[in-house]
Amino acid sequence: MKRWQQDPLLRVEHLTMRFGGLTAVDDVSFDAGRHDITALIGPNGAGKTTVFNCITGFYKPTEGLIELRQPDGEAFRLEQLDDHDINARARVARTFQNIRLFQGMTVLENLMVAQHNVLMRASGLTIGALLGLGGFRQAETEAVDFARYWLDRVNLISRADIPAGELPYGDQRRVEIARAMCTRPLLLCLDEPAAGLNARESDELNDLLHSIREQDGIAILLIEHDMSVVMRISDHIIVLDHGAKIADGTTEEVRNDPQVIAAYLGVPDEELPAVEREVNL
Amino acid sequence: MAERSTSLGQRLGPALLDSALAAIIAFALFSLLLGLRTVDNVTGLTLQPRPVLLAVAVGIVFFGRLLLNLFVWHAEYPLTVPFAKLFSRAPFERRDLMVLGGTALAAAIALAASFIFGSAGVELVAASVLAFLGVGIVRRAIVQFFPDLPYARIFTIGGIAFAVLFPICAYLLDKAFGLGLHLRYMFDLSILVLTYVMLGWGLNIVVGLAGLLDLGYVAFYAVGAYTFALLATHFGLGFWICLPIAGAAAALWGVILGFPVLRLRGDYLAIVTLAFGEIVRIVLLNWTEVTNGPNGISGIPNPTFFGLPFTVRGDVTFAGFFGIKYDPLQGMIFLYYVILALAFLTNFVTLKLRRLPIGRAWEALREDQIACKSLGINTTITKLTAFAIGAMFGGLAGSFFATRQGFISPESFTFIESAIILAIVVLGGMGSQLGVAIAAVVMVGGFEALRHTEGLQSIFGHGFDPALYRMLLFGIAMVGIMVWRPRGLIGTRSPTIVLDEARPIDADLVREGRA
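Here the protein sequences line up with chains W and U, keeping their order. Each residue of the first sequence is one higher than the one before, starting from 1 at the first, in our numbering. Each residue of the second sequence is one higher than the one before, starting from 1 at the first, in our numbering.
These aren't lab readings, by the way, just hints derived from the structure by calculation. Model, not experiment: these values are computed from the prediction. Hints are all accurate, no fakes.
Here are the simulated distance ranges between beta carbons:
1. W:Gly-135 x U:Ala-341: 26 to 34 Å
2. W:Leu-125 x U:Ile-256: 15 to 23 Å
3. U:Phe-321 x W:Leu-125: 39 to 47 Å
4. W:Leu-125 x U:Phe-83: 48 to 56 Å
5. U:Thr-288 x W:Lys-60: 44 to 52 Å
Glycine included, C-beta positions come from ideal geometry on N, C-alpha and C.
Let the sequences and hints guide you as you build the complete structure.
Take a look at the structure:
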């Protein structure tokens with residue numbers, strides 16, 4: 001039994017997603033470990049983002065179940081939850097391939113919106129805070145401190161009062177991760193976090209993701225095209241091709257899997273005939 | 001300072017350009033003042049063109065200005081400089097003050113002369129010039145003495161002070177000096193303007209903050225007005241008891257109407273809200289047993305001052321209780337302060353809500369609905385609260401409208417009202433409280449004031465009614481704003497929470513919201 005199967009945080013079983021006649025995801029099952037960085041890779045159009053959108057509630061899967069287990073043992077069936085409850089109750093946070101920050105709001109405001117549900121309760125559903133009752137001030141100070149903590153972690157504390165839309169691309173990616181972390185998730189889903197980053201920023205991202213796993217003990221599920229990022233940070237890799245899972249294992253196993261090499265990683269030209277023989281092409 | 005070393009040839013180009021500009025302005029002004037003359041014929045009033053006189057006047061301006069440019073001002077000092085300086089922070093020179101002083105003196109003489117000889121057109125122009133100078137000087141003085149105060153703050157403080165003091169001061173001055181001001185009309189107009197300020201602020205929550213385009217806002221205004229009118233005429237309830245009930249009823253209707261439509265986005269939402277606005281009006285029109293249909297409801301009571309009515313007779317009246325002479329204006333001043341307080345309440349609650357999680361969620365919704373969902377925000381409930389709170393303020397304003405008019409009918413709640421309120425919000429700058437207030441004053445007050453400008457009639461002829469051109473001016477204002485300030489008068493957004501230093505957020509970054 002693999003490490004991620006012993007205490008899976010996320011279980012995806014027989015996930016199928018059809019759009020009309022097109023089967024984007026076809027009977028995909030996998031587990032993601034509670035303290036692992038799990039990567040979902042595959043060529044363009046393999047169905048990675050569709051799987052992602054099913055997990056984060058943006059699509060309702062045609063078939064299959066997606067289960068997320070809380071530390072106390074309670075399990076949420078994500079495909080049955082309302083889209084906002086996937087974050088609010090099951091505690092799954094995500095970022096987007098084409099960054100979706102609130103551009104006209106400052107970086108700090110972005111992180112405050114992420115703590116909406118906590119603050120909303122503290123404000124007595126607004127009425128209490130309007131009348132000046134309850135501990136809203138206290139809760140707000142704590143929320144600002146938490147935001148400040150995450151801005152510190154992503155090295156953006158000096159840009160807190162700048163509109164998010166004014167930040168350079170790499171900084172916007174980090175703000176989006178910080179914003180997702182401000183919702184206090186168990187599982188952080190990152191859709192191509194390294195896209196458009198230069199080598200130095202990509203290194204910083206690796207460090208950040210490692211620290212999120214080590215320091216905060218939060219599982220990460222990511223889609224990524226940059227193999228240098230994937231191979232360096234992932235504990236567990238799942239490979240999709242044409243909507244189906246073709247490999248599932250540790251970095252080593254996947255790196256040497258002949259099907260993965262043929263479908264995605266590629267080989268030098270001289271080794272091609274040997275590999276093709278191996279996968280019966 | 002002017003460099004006298006430049007040759008005449010070098011100075012000729014700019015001098016000609018400047019003179020041509022002056023000639024164009026002169027032509028625009030004189031074409032009506034001098035170029036046309038009304039003649040009383042047997043057939044009635046006709047216009048007689050006077051092209052020669054016009055040409056001579058424009059020629060004098062052009063050549064006079066050219067000579068002045070070339071030999072006196074040396075072309076580096078166009079006459080527009082001192083006027084521009086009034087609206088900047090640049091220091092004044094002596095010659096600037098001389099030009100401004102000279103203009104003011106000329107305008108004052110022209111004003112005095114036109115009073116004596118009775119030329120209303122000149123009177124209007126001279127008064128506008130004086131008003132322009134006055135505004136500039138006041139603004140300049142504020143900038144001089146409070147250099148760090150931002151313009152928005154100056155406007156806000158000045159506006160609030162004026163709004164609070166205006167009726168009392170006008171009333172007392174009029175009584176003390178017997179100025180014979182048209183107080184009744186002035187108060188009536190300011191009450192109307194404040195009603196629209198309040199409606200603009202209410203709709204601003206829905207459109208400006210939450211980014212939901214609502215074309216049927218007048219429906220909630222109507223619900224508020226009819227709730228109060230029906231409660232007052234059937235059960236004899238007073239204004240102050242009905243006010244919160246009307247607000248709650250409108251909020252309830254906001255939720256009821258909002259629930260099915262909030263799944264829609266952008267243009268579709270706009271169309272459906274437009275339809276709901278019309279449905280409410282048509283129901284009011286046809287449900288005769290309850291609403292009395294097109295005949296409307298009359299006999300709606302006025303608000304009382306802690307139980308003291310503003311009437312001539314009665315056991316205990318406002319005038320009688322305080323031992324002062326009865327004056328119908330007292331009731332109007334009270335109404336003015338009621339709507340002022342309601343408008344301030346709207347503003348206060350909105351500003352407060354912006355800094356609470358719900359307000360931030362509204363703005364986040366305007367920016368990106370999908371991101372909101374991914375952060376665990378229930379977008380349906382968030383939209384509904386915006387709809388309900390916006391509707392509530394619409395209902396409060398409606399109930400005030402009913403008590404002020406004493407009579408309501410479905411006539412008052414047509415689509416054009418929704419359009420005007422939305423135009424106020426868009427022109428003012430979506431999300432900006434100050435911008436909306438300025439837009440309401442200009443759109444409602446400005447056009448209404450136009451109606452009573454006799455000066456314009458003497459220019460365009462006696463039958464001229466500027467109110468008829470209201471929609472035209474509306475359209476021109478809209479096009480102008482779209483061209484020069486596409487995000488409204490005040491498009492910048494101020495952050496709701498800061499770590500170190502607050503700075504306004506540029507309008508280009510802020511979304512209009514297509515949620």
